[in-house]
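Student: Sequence:
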Amino acid sequence: MIVLGINAYHGDASACIFIDNQLIAAAEEERFTRIKHSAGFPVNAIKFCLDFAKLNISEIDNVAINRNPKQKIIQKLLFASKNIFKLKFFQDRFSNLRKINSMRNEFINNFDTSFRADIHNIDHHMSHVASSVYFSGYKDSNFISVDGFGDFASTLTGFYDGKNIHKFNEVLFPHSLGLFYTAITQYLGFLKYGDEYKVMGLAPYGDPVYTDKIRNILIKKDEGLFNLNLKYFLHHTGNVEMTWLTGEPKIGLVYSKSLIELLGPTRKPEEKVEKFHMDIAASAQKVYEEFLFDLANSLYERNISDSLCLSGGCGMNSVANGKLIKNTKYKNTYVPSAPGDSGGAIGAASVLINNSNKKKFFFTDNPYLGPQFSNDEIKKILENNKIQIKNEKVKIENFKNKNDLMKLTAKLLSEGNVIGFFQGRMEWGPRALGNRSIIADPRNPNIRELLNVKIKRREIFRPFAPSILKDKIVDWFEIDDDVPFMSKVFQIKEEKRKIIPAVTHVDGSGRLQSVTKELNGDYFNLINYFNELTNVPIILNTSFNENEPIVCNPKEALNCFLRTKMDYLVMENYILIRSSNK
1 MIVLGINAYH GDASACIFID NQLIAAAEEE RFTRIKHSAG FPVNAIKFCL DFAKLNISEI
61 DNVAINRNPK QKIIQKLLFA SKNIFKLKFF QDRFSNLRKI NSMRNEFINN FDTSFRADIH
121 NIDHHMSHVA SSVYFSGYKD SNFISVDGFG DFASTLTGFY DGKNIHKFNE VLFPHSLGLF
181 YTAITQYLGF LKYGDEYKVM GLAPYGDPVY TDKIRNILIK KDEGLFNLNL KYFLHHTGNV
241 EMTWLTGEPK IGLVYSKSLI ELLGPTRKPE EKVEKFHMDI AASAQKVYEE FLFDLANSLY
301 ERNISDSLCL SGGCGMNSVA NGKLIKNTKY KNTYVPSAPG DSGGAIGAAS VLINNSNKKK
361 FFFTDNPYLG PQFSNDEIKK ILENNKIQIK NEKVKIENFK NKNDLMKLTA KLLSEGNVIG
421 FFQGRMEWGP RALGNRSIIA DPRNPNIREL LNVKIKRREI FRPFAPSILK DKIVDWFEID
481 DDVPFMSKVF QIKEEKRKII PAVTHVDGSG RLQSVTKELN GDYFNLINYF NELTNVPIIL
541 NTSFNENEPI VCNPKEALNC FLRTKMDYLV MENYILIRSS NK
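Counting from 1, one number per residue, gives the positions in the sequence shown under my numbering.
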């Protein structure tokens, strides 16, 4: 059976493909369109999956979509009957639903009339849950899916017994922890879709002195559930424009004037970030954590389990994720490489596979599922751009032995250089995990400012991640855990922080990536060689981009290298050297 999974007409459109119950390829649409969080129909991601699998669209047996417009019809009608909406609200919703319901036409129009697959609509949160429990490796686990909204729900909790997914509780529209965090994000002047991570990065600079005020925004209920205090919100009124059908997703302001009356004037995007804004971020993060921990602990009381799987867009809050073990009774927590909406493509496909088979399948969460480029392809791109490369005074060397190049790269890192690192298959999910990364020496106290201001061109308060050899975590962090997807933030041991200031956030934490030879041999070797030179088994890792989606192909990597102040670019067996570094 060949199954194509997609997330369409929502932020982070994506596609994946399973052949005989094996996940073969997956990618987000943004990597091809170069539009952040690209919405609409993921035609380019689908084409990549088909090309990688060497298949025609006519060979697809089933398509699984992580949305089901028929879900919760009664609840939707009841809500609509009690609320007055603007016509524009209904027009936007119906346009979105029409697109989802006419998916067959989309395939025929974008591919071929030979498209014959059966199309299956899978519940949004069940897709999220499946993307975690089927990939976690746990025999059984509790689960939480929590995000903005999908199929009229924002939260789903339950238990996976190794065979079946059992639902316990749901939180329905208009109540949502994700919307709570979005409201604070917008209040702080971060207005683009997906900017919530900026609040998470800003929070450690502040003090949570406004938690009592911010607790007014959320209302606690039994079993760890919650409501929004709707006086502070607008999304339920029909006055908030949301665009999901194509290009960059957009969402209007979701908070009301009452939030400004509660907290004070909002920050405009062009205004400086002050201590007040840092304190609001810290307070919002603390309140979010309180509600998440209550939800997790109440779930544990209902069903005792050692393990918890977390998914949904709020699963991107790596700070809260890293505190779950200390603040709950769980011994193990798992967050997939793509916990948000893009990961719903994999989740929907895995639900369909397990519903179609008597035997239940478990899948390996390998994030390296995107495009890969050979040395010959890279050589051709370098030759096609030789004039531009020459004008920038860049020298090219080709190594026959990849291991020798990894040793040289480690040495260059130890000397303080910033390096673009382009290897193997592109990562699936929002994090750069060593194949489309910019890397540097974590011991360099000045590297953060250089990277933020001169290369990444982003806010100075945003931290960088440490990639660490898995067996060395216990020596450097206060907790020993496997975090292959940068999904959790932990405290760095106090005596180690001064050694690696470039990856130590202001509160002494780091969003680590544990690296193993089995999952990424080249990246493991690089860090191991760096450790041999420096006695530090860690390198700084940030995404290979500059205010754009992570680079996908060698041409994009080359362009980013040439227009920024990176010192070297390593692409497979090639290394590009700026003349000042000869």
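You may find that some hints are simply not true.
Claimed, not checked - In the DSS-like style, the derived pairs of lysine-lysine whose C-alpha atoms are separated by at most 27 Å in a straight line are:
1. K257 x K192
2. K472 x K454
3. K221 x K329
4. K192 x K379
5. K472 x K411
6. K257 x K411
7. K221 x K192
8. K47 x K257
9. K358 x K379
Bear in mind the hints are in silico, worked out from the structure with no lab data behind them. Predicted, not measured: the structure shown is a model, and the values here were computed from it.
Student: Of all the hints given earlier, name the ones this structure violates by number, lowest first.
Tutor: 2, 4, 6, 7, 8, 9
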